[in-house]
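Visitor: In case you want the letters, here they are:
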Amino acid sequence: GENVEQHPSTLSVQEGDSAVIKCTYSDSASNYFPWYKQELGKRPQLIIDIRSNVGEKKDQRIAVTLNKTAKHFSLHITETQPEDSAVYFCASKGGGSNYKLTFGKGTLLTVNP
Amino acid sequence: GAGVSQSPRYKVAKRGQDVALRCDPISGHVSLFWYQQALGQGPEFLTYFQNEAQLDKSGLPSDRFFAERPEGSVSTLKIQRTQQEDSAVYLCASSPTGANSPLHFGNGTRLTVT
Numbered sequence: 001g002e003n004v005e006q007h008p009s010t011l012s013v014q015e016g017d018s019a020v021i022k023c024t025y026s027d028s029a030s031n032y033f034p035w036y037k038q039e040l041g042k043r044p045q046l047i048i049d050i051r052s053n054v055g056e057k058k059d060q061r062i063a064v065t066l067n068k069t070a071k072h073f074s075l076h077i078t079e080t081q082p083e084d085s086a087v088y089f090c091a092s093k094g095g096g097s098n099y100k101l102t103f104g105k106g107t108l109l110t111v112n113p
Numbered sequence: 001g002a003g004v005s006q007s008p009r010y011k012v013a014k015r016g017q018d019v020a021l022r023c024d025p026i027s028g029h030v031s032l033f034w035y036q037q038a039l040g041q042g043p044e045f046l047t048y049f050q051n052e053a054q055l056d057k058s059g060l061p062s063d064r065f066f067a068e069r070p071e072g073s074v075s076t077l078k079i080q081r082t083q084q085e086d087s088a089v090y091l092c093a094s095s096p097t098g099a100n101s102p103l104h105f106g107n108g109t110r111l112t113v114t
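Top line first, the protein sequences correspond to chains A and B.
1 is the number of the first residue of the first sequence in our numbering; add one for each residue after it.
1 is the number of the first residue of the second sequence in our numbering; add one for each residue after it.
Honestly, the hints are just simulated from the structure, not real lab data.
Hints are not guaranteed to be accurate.
[To be verified] Pairs of lysine-lysine residues, derived as DSBU-like cross-links and limited to a Cα-Cα distance of at most 35 Å, are as follows:
no., chain 1, residue 1, chain 2, residue 2
1, A, K42, B, K14
2, A, K57, B, K78
3, B, K14, A, K57
[To be verified] What follows is a set of in silico ranges between Cβ atoms, one per label pair, in the way DEER data are often shown:
no., chain 1, residue 1, chain 2, residue 2, range
4, A, G41, B, V74, 20 to 26 Å
5, B, E71, A, R61, 23 to 29 Å
6, B, S58, A, K58, 33 to 39 Å
7, B, G72, A, T10, 38 to 44 Å
8, A, N112, B, V74, 42 to 48 Å
9, A, N67, B, R64, 38 to 44 Å
10, A, R61, B, S62, 26 to 32 Å
Cβ coordinates follow ideal geometry from the N, Cα and C atoms, glycine included.
All chains, full assembly: derive it from the sequences and hints.
Guide: Okay, here's the thing in structure tokens:
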């Protein structure tokens, strides 16, 4: 099955700085890569996703890049704000399934004011 | 409209008790998923329904876990003879279709087995 590795496990930045979280996946046939934000005690919420036919997608301060050759994708948050503090999960849809998401272990992002 | 609703929000069970966790998906969503999230970890797949059909239950940890969605809407995850290792947050998610459509998660049920 699919295996997703996520780094770093914790990330602390100053308000206004950029944050980058990286994930690698194992199945070269994986074709869908969402990112979820989870605040403490709340539901994971989709913040951005990318499909395997594009290399980059941007939505305001958030962008995701995908390198299919290297099998890795990254989340970039610019001009971070304290409300960006949360746990971020990457996920991949692959491993022979067209519906099952495999999640990384998460990154705790702390934005210090 | 309303999002995915799960109940109860918290459940404390004594080891050996049976529990039932409920999920109300977004109306009209064909696909429904159950995930288990241990403390400090990412969600892990348990099972998948397309309408009332359970198409994949490969993630269920043991035969003590059982899920159903008899009318293709509300789903129940049942855990029999709970063990301490079952303690986790159980997340339900739904999507309009299974393939490459975003998952909408509920707030989860936090199960603590004492």
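Visitor: All hints, please: hold or fail.
Guide: Hint check:
As the CA atoms of K42/A and K14/B are separated by approximately 25 Å, the hinted pair is consistent with the 35 Å bound. Restraint check: the Cα-Cα separation between K57/A and K78/B comes to about 40 Å, which exceeds 35 Å; the hinted pair is violated. Distance restraint check for K14/B and K57/A: the Cα-Cα separation of roughly 47 Å exceeds the 35 Å cut-off, and the hinted pair is therefore not satisfied. The beta-carbon spacing between G41/A and V74/B, approximately 24 Å, falls within the hinted interval of 20 to 26 Å.
Our hint of 23 to 29 Å for E71/B and R61/A is violated, since their Cβ atoms are close to 42 Å apart. Checked against the hint of 33 to 39 Å, the C-beta distance between S58/B and K58/A comes to roughly 35 Å, which is consistent with it. For the pair G72/B and T10/A, the beta carbons lie near 41 Å from each other, so the given range of 38 to 44 Å is met. Checked against the hint of 42 to 48 Å, the C-beta distance between N112/A and V74/B comes to roughly 43 Å, which is consistent with it.
Our hint of 38 to 44 Å for N67/A and R64/B holds, since their Cβ atoms are close to 41 Å apart. Here the CB-CB span from R61/A to S62/B is close to 43 Å, at odds with the stated 26 to 32 Å.
Hints 2, 3, 5 and 10 from the list above are not met by this structure, while the remaining hints are.
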